[in-house]
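Engineer: If you want the building blocks of each chain, they are given just below.
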Amino acid sequence: MKNKTPGYRRKEIIWSLLFIAPPILGFLIFSLTPLVTSFGLSFMSWDMFTPAKFTGVENFRYMFADEKFYKSLFNTVFLLLGVPIGMIISLVLAILMNRQLKGISIFRTIYYIPVISPIIAVSLLWQWLLNYDYGIINEFIWNIFGIQGPNWLGDPDWVKPSFIIMGLWGGVGGNMVLYLAGLQGISSSYYEAAQVDGASRWHQFKHITLPLLSPIHFYVVVMGVIGTFQSFSQMYILAADGGPEYSGATIVYYIFQEAFKYFNMGYASAVAWVLGILIFILTLFQFRISKRWVYQE
Amino acid sequence: MVKQRRLINLIVYIVLIAGSFIMLGPLAWTLSTSLKSQKHVFDIPPQWIPDPITWLNYEDVWSKAPLLYGFMNSAIVVVSVLSVGLFVAAMAAYSFSKFDFPFKEGIFLALLGTMMIPYSVVMIPQYIGFSELGWVDTLLPLIVPGMFGNIVTIFFFRQFMQGSIPNDLIDAAKIDGCGYFRTFTTVALPIVKPAIAAQAALGFMGIWNDFLGPLIYLHTPERQTIQVLIASMQSNYISTSNYPSLMAASIIALLPVVIVFFFAQRYFIESLAITGIKG
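Quick note, the sequences are listed as chains Y and V, same order.
Residue numbers for the first sequence follow the working numbering, beginning at 1 and rising by one.
Residue numbers for the second sequence follow the working numbering, beginning at 1 and rising by one.
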């Protein structure tokens with residue numbers, strides 16, 4: 001086969017490979033090698049100062065007996081509640097905006113500002129908004145309902161809801177734009193046909209809009225789950241040392257502490273691998289069941 | 001019918017305006033707090049318009065933390081990663097979209113697979129590697145990996161190039177004696193400019209707002225990015241309850257991003273929509 005390749009074609013192949021060389025190198029150096037190393041490390045005990053020791057499955061045994069690990073796992077799963085809530089809000093917003101109204105693009109900009117805001121600045125400002133004694137949110141609650149608002153960031157039961165509220169504020173604008181693009185892509189002929197058949201507004205929504213948006217639902221869910229499983233920065237700012245009773249720590253926060261506070265590099269790698277496998281299984285699962293509900297044109 | 005439509009429009013406006021208050025309220029409150037003196041912060045009922053207005057908190061934050069260094073460090077990372085990284089990504093996307101070579105699909109899928117690897121898995125070995133090189137407490141660990149091109153960007157460019165660069169144009173350039181690299185720079189690059197602008201806008205935001213990477217590598221305040229500096233505000237520079245200064249810091253971190261967003265808004269929203277649907 002080789003001798004049949006004309007000279008210009010061979011040159012083209014060489015150039016093509018040269019052009020894709022940097023990302024391949026990057027993949028080998030910064031993804032594959034670390035991935036393999038991390039796997040090896042997860043069976044070792046190493047603090048970066050004394051020599052590494054092979055300890056077999058000891059890291060995993062410790063992990064599955066560690067209360068903090070389970071807590072951070074539970075916290076992370078709890079935060080997933082924000083994904084469906086966020087979907088509903090952004091879909092409603094997109095539907096409201098999907099009409100010819102004056103000044104509608106201004107709203108789009110306004111709802112998008114929190115999305116682009118740096119998470120560190122956002123966390124600091126929510127820390128102030130959610131302040132127990134002087135926060136503006138508890139002030140509102142007092143004025144409207146006449147009751148003392150919760151100790152958002154100081155009460156183990158309220159830390160996670162605080163993160164969810166913050167996440168919704170910062171996230172609905174982004175998904176709204178996606179849904180808006182999806183809505184604009186639906187041909188009006190579907191609705192016209194439905195109207196001829198006498199379908200009600202609700203029926204049109206349920207049987208046309210929702211199914212035709214399913215690729216976007218799917219994208220939003222997959223990205224939402226991956227994003228939630230990797231959340232860290234808010235926790236770092238708002239839940240110092242994991243917050244009250246470790247109620248605000250996520251898995252990534254737990255890994256961060258083990259690796260860069262206690263320098264348990266081997267153990268942290270083991271936890272990171274468990275996280276990676278969890279994300280992989282969840283995503284695979286979502287792709288599997290997507291065949292049943294995601295509408296393909 | 002017309003009456004009903006008017007009523008619906010009115011309701012839509014009311015809901016959207018109420019939502020806008022929720023979206024902008026926290027930002028407005030932050031701005032307002034940052035302009036108050038420490039004495040007036042805990043006023044009840046809360047004052048939305050500070051009286052008197054003071055800039056002292058900004059001066060306070062600016063003089064205590066090396067924020068100018070923070071801005072410069074962030075800018076260095078953004079500019080170097082984007083200028084090299086986007087070019088490299090466009091090159092790879094050009095190959096993937098317009099030419100055939102052995103194992104093309106396999107390589108592309110392998111690269112796409114890296115999207116599935118969480119940063120926390122590769123973070124520890126990367127840290128060990130970079131510390132062997134003596135790169136800890138420098139910007140290099142944040143810059144160098146980004147220069148090899150990001151797979152999401154490559155994917156985006158590939159989608160764009162498949163649709164927008166006619167094969168005839170490439171063939172014509174070839175016949176005119178234009179080499180592979182020159183065809184890329186003179187034919188392909190100008191056509192994908194809008195896609196590059198979109199990815200530059202998104203990339204700026206991602207890199208500028210990045211926190212975990214800079215946090216683990218940068219220790220000396222003068223070498224930290226703006227996000228790490230702002231995050232260490234409470235522990236290193238001002239007391240925890242000094243909310244006016246904290247909010248001033250928050251505004252300082254927000255401002256550049258919001259300004260860039262206003263100028264490049266179109267690109268953000270377009271590219272987000274495109275990646276979303278195609279992805």
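Hint data in this document are derived by calculation from the structure and do not stem from the laboratory.
Each hint should be verified, as a subset may be incorrect.
[What the hints assert, rightly or not] Straight-line Cα separation of at most 27 Å, DSS-like style, residue types lysine-lysine; simulated pairs:
id, chain 1, residue 1, chain 2, residue 2
1, V, 174, Y, 11
2, V, 64, Y, 261
3, V, 3, Y, 206
Only a predicted model underlies this, so the values are computations on that prediction, with no experimental measurement involved.
Engineer: With reference to the structure, classify each hint as holding or not holding.
Structural biologist: Okay, the hints, checked on the actual structure:
Proposed proximity of residue 174/V and residue 11/Y is supported: the alpha carbons are some 12 Å apart, at most 27 Å. With a C-alpha separation of about 26 Å, the suggested pairing of residue 64/V with residue 261/Y holds against the 27 Å cut-off. A distance of roughly 26 Å separates the Cα atoms of residue 3/V and residue 206/Y; the hinted pair therefore holds under the 27 Å criterion.
In the structure shown, no violation is registered for any of the earlier numbered hints.
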